[in-house]
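Trainee: Sequence:
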Amino acid sequence: MRLFSDRTEQLLYKIGYYISLFGIAIVLFWIGIFKFTPTEAKAIKPLVENHFLMSWLYSAFSEQEVSNIIGIIEISTAILLVMSLFSEVCRKITAMFIILTFVFTLSFLLTTPNQWRIVDGIPITDFFILKDIAFLGFGLMFIKSLKNKFTERKKVTSF
440 MRLFSDRTEQ LLYKIGYYIS LFGIAIVLFW IGIFKFTPTE AKAIKPLVEN HFLMSWLYSA
500 FSEQEVSNII GIIEISTAIL LVMSLFSEVC RKITAMFIIL TFVFTLSFLL TTPNQWRIVD
560 GIPITDFFIL KDIAFLGFGL MFIKSLKNKF TERKKVTSF
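Here the sequence shown is numbered in the working numbering, starting from 440 and rising by one per residue.
It should be emphasised that the hints constitute simulated quantities derived from the structure, not laboratory data.
Just so you know, not all the hints are guaranteed correct.
Pair ranges (Cβ atoms, derived) [claimed, not checked]:
#: 1; residue 1: W495; residue 2: G462; range: 30 to 38 Å
#: 2; residue 1: S494; residue 2: F473; range: 15 to 23 Å
#: 3; residue 1: A499; residue 2: W555; range: 26 to 34 Å
#: 4; residue 1: F500; residue 2: L450; range: 40 to 48 Å
#: 5; residue 1: Y457; residue 2: R556; range: 31 to 39 Å
The structure presented is a predicted model; accordingly, all values stated were derived computationally and were not measured.
Where is the CB? At the ideal position from N, CA and C, for every residue including glycine.
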(Lines of atoms letter the chains of each structure in order from A; the text may use other names.)
(Lines give C-alpha, C1' and ligand atoms only; values in the text may rest on other atoms or scores of the structure.)
Protein backbone atom coordinates (compact mmCIF):
# COMPACT_ATOMS: atom_id res chain seq x y z
CA MET A 440 0.00 0.00 0.00
CA ARG A 441 1.39 3.36 -1.03
CA LEU A 442 1.08 6.36 1.21
CA PHE A 443 1.38 8.97 -1.55
CA SER A 444 0.92 9.16 -5.30
CA ASP A 445 3.97 9.49 -7.57
CA ARG A 446 3.22 13.17 -8.08
CA THR A 447 2.94 13.84 -4.33
CA GLU A 448 6.15 11.89 -3.67
CA GLN A 449 7.99 13.96 -6.29
CA LEU A 450 6.64 17.17 -4.79
CA LEU A 451 7.65 16.12 -1.25
CA TYR A 452 11.10 15.14 -2.50
CA LYS A 453 11.58 18.54 -4.16
CA ILE A 454 10.36 20.37 -1.06
CA GLY A 455 12.71 18.32 1.12
CA TYR A 456 15.59 18.89 -1.27
CA TYR A 457 15.16 22.66 -1.29
CA ILE A 458 14.66 22.81 2.48
CA SER A 459 17.93 20.90 2.85
CA LEU A 460 19.76 23.02 0.28
CA PHE A 461 18.69 26.36 1.73
CA GLY A 462 18.98 25.09 5.30
CA ILE A 463 22.60 24.07 4.77
CA ALA A 464 23.32 27.34 2.95
CA ILE A 465 21.90 29.36 5.87
CA VAL A 466 23.82 27.37 8.49
CA LEU A 467 27.10 27.60 6.54
CA PHE A 468 26.65 31.32 5.93
CA TRP A 469 25.82 32.02 9.57
CA ILE A 470 28.66 29.90 10.95
CA GLY A 471 31.00 31.41 8.35
CA ILE A 472 30.16 34.92 9.52
CA PHE A 473 30.77 33.89 13.13
CA LYS A 474 34.28 32.73 12.16
CA PHE A 475 35.22 36.42 11.87
CA THR A 476 34.75 36.89 15.62
CA PRO A 477 37.51 36.40 18.21
CA THR A 478 35.19 34.10 20.17
CA GLU A 479 34.89 31.60 17.32
CA ALA A 480 38.56 31.94 16.34
CA LYS A 481 39.48 30.86 19.86
CA ALA A 482 36.84 28.11 19.94
CA ILE A 483 38.01 26.38 16.76
CA LYS A 484 41.72 26.54 17.57
CA PRO A 485 41.85 23.18 19.43
CA LEU A 486 40.09 21.51 16.50
CA VAL A 487 42.34 22.97 13.81
CA GLU A 488 45.66 22.78 15.66
CA ASN A 489 45.18 19.05 16.35
CA HIS A 490 44.21 18.14 12.80
CA PHE A 491 47.06 16.55 10.86
CA LEU A 492 46.10 18.33 7.61
CA MET A 493 45.32 21.74 9.12
CA SER A 494 47.69 22.32 12.04
CA TRP A 495 50.29 23.97 9.77
CA LEU A 496 47.91 26.91 9.27
CA TYR A 497 48.86 28.37 12.66
CA SER A 498 52.52 28.53 11.67
CA ALA A 499 51.58 30.62 8.62
CA PHE A 500 48.64 32.67 9.93
CA SER A 501 47.34 34.15 13.17
CA GLU A 502 44.51 32.56 15.14
CA GLN A 503 42.04 35.08 13.71
CA GLU A 504 43.35 34.74 10.14
CA VAL A 505 42.93 30.96 10.25
CA SER A 506 39.37 31.41 11.45
CA ASN A 507 38.74 34.02 8.74
CA ILE A 508 40.03 31.65 6.03
CA ILE A 509 37.69 28.91 7.24
CA GLY A 510 34.86 31.46 7.40
CA ILE A 511 35.52 32.51 3.81
CA ILE A 512 35.36 28.87 2.71
CA GLU A 513 32.07 28.34 4.58
CA ILE A 514 30.50 31.54 3.24
CA SER A 515 31.72 30.74 -0.30
CA THR A 516 30.23 27.25 -0.06
CA ALA A 517 26.89 28.72 1.08
CA ILE A 518 26.83 31.19 -1.81
CA LEU A 519 27.88 28.53 -4.33
CA LEU A 520 25.15 26.25 -3.01
CA VAL A 521 22.48 28.83 -3.82
CA MET A 522 24.14 29.72 -7.15
CA SER A 523 24.17 26.01 -8.03
CA LEU A 524 20.47 26.31 -8.71
CA PHE A 525 21.36 28.33 -11.80
CA SER A 526 24.76 27.06 -12.95
CA GLU A 527 26.14 23.64 -13.83
CA VAL A 528 29.70 24.82 -13.08
CA CYS A 529 28.66 26.04 -9.62
CA ARG A 530 26.95 22.69 -8.96
CA LYS A 531 30.16 20.75 -9.63
CA ILE A 532 32.31 23.06 -7.50
CA THR A 533 29.69 23.11 -4.75
CA ALA A 534 29.53 19.31 -4.56
CA MET A 535 33.28 19.20 -3.97
CA PHE A 536 33.18 22.02 -1.38
CA ILE A 537 30.27 20.47 0.56
CA ILE A 538 31.86 17.05 0.77
CA LEU A 539 35.31 18.36 1.71
CA THR A 540 33.91 20.79 4.29
CA PHE A 541 31.92 18.16 6.13
CA VAL A 542 34.52 15.40 5.87
CA PHE A 543 36.98 17.80 7.50
CA THR A 544 34.61 18.87 10.26
CA LEU A 545 33.61 15.29 11.02
CA SER A 546 37.26 14.26 11.12
CA PHE A 547 37.71 16.62 14.10
CA LEU A 548 35.88 13.93 16.10
CA LEU A 549 38.87 11.66 15.51
CA THR A 550 41.76 14.14 15.54
CA THR A 551 40.93 16.37 18.51
CA PRO A 552 41.86 15.07 21.97
CA ASN A 553 39.04 14.75 24.49
CA GLN A 554 36.27 15.07 21.90
CA TRP A 555 34.63 11.97 23.34
CA ARG A 556 33.76 11.55 26.99
CA ILE A 557 31.47 9.35 29.08
CA VAL A 558 28.50 11.01 30.77
CA ASP A 559 26.20 8.80 32.82
CA GLY A 560 27.66 5.76 31.08
CA ILE A 561 26.97 7.08 27.57
CA PRO A 562 29.72 8.20 25.19
CA ILE A 563 29.04 11.75 24.00
CA THR A 564 30.80 14.41 22.00
CA ASP A 565 30.21 18.02 21.07
CA PHE A 566 26.95 17.51 19.26
CA PHE A 567 27.36 20.57 17.03
CA ILE A 568 29.75 18.51 14.88
CA LEU A 569 27.33 15.59 14.57
CA LYS A 570 24.92 17.67 12.45
CA ASP A 571 27.57 17.45 9.76
CA ILE A 572 26.72 13.77 9.24
CA ALA A 573 23.40 14.85 7.70
CA PHE A 574 25.11 17.68 5.79
CA LEU A 575 27.66 15.24 4.36
CA GLY A 576 24.79 12.97 3.36
CA PHE A 577 23.19 15.85 1.47
CA GLY A 578 26.53 16.56 -0.22
CA LEU A 579 26.71 12.98 -1.45
CA MET A 580 23.10 13.17 -2.67
CA PHE A 581 23.96 16.45 -4.37
CA ILE A 582 26.32 14.50 -6.68
CA LYS A 583 23.35 12.42 -7.85
CA SER A 584 21.33 15.58 -8.42
CA LEU A 585 24.18 16.78 -10.65
CA LYS A 586 23.64 13.76 -12.86
CA ASN A 587 19.86 14.25 -12.88
CA LYS A 588 20.10 17.94 -13.83
CA PHE A 589 22.56 17.15 -16.62
CA THR A 590 20.55 14.25 -18.04
CA GLU A 591 17.30 16.25 -17.87
CA ARG A 592 18.89 19.02 -19.95
CA LYS A 593 20.34 16.48 -22.37
CA LYS A 594 16.92 14.89 -22.92
CA VAL A 595 15.34 18.27 -23.58
CA THR A 596 18.00 19.23 -26.14
CA SER A 597 17.77 15.89 -27.96
CA PHE A 598 14.24 16.57 -29.28
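Trainee: Each hint needs a verdict: does it hold in this structure or not?
Mentor: Evaluation of the provided hints:
{"no.": "1", "hint": "W495 / G462: 30 to 38 Å", "verdict": "holds, 33 Å"}
{"no.": "2", "hint": "S494 / F473: 15 to 23 Å", "verdict": "holds, 22 Å"}
{"no.": "3", "hint": "A499 / W555: 26 to 34 Å", "verdict": "holds, 30 Å"}
{"no.": "4", "hint": "F500 / L450: 40 to 48 Å", "verdict": "holds, 47 Å"}
{"no.": "5", "hint": "Y457 / R556: 31 to 39 Å", "verdict": "holds, 37 Å"}
Of the hints listed earlier, there is not a single one the structure fails to meet.
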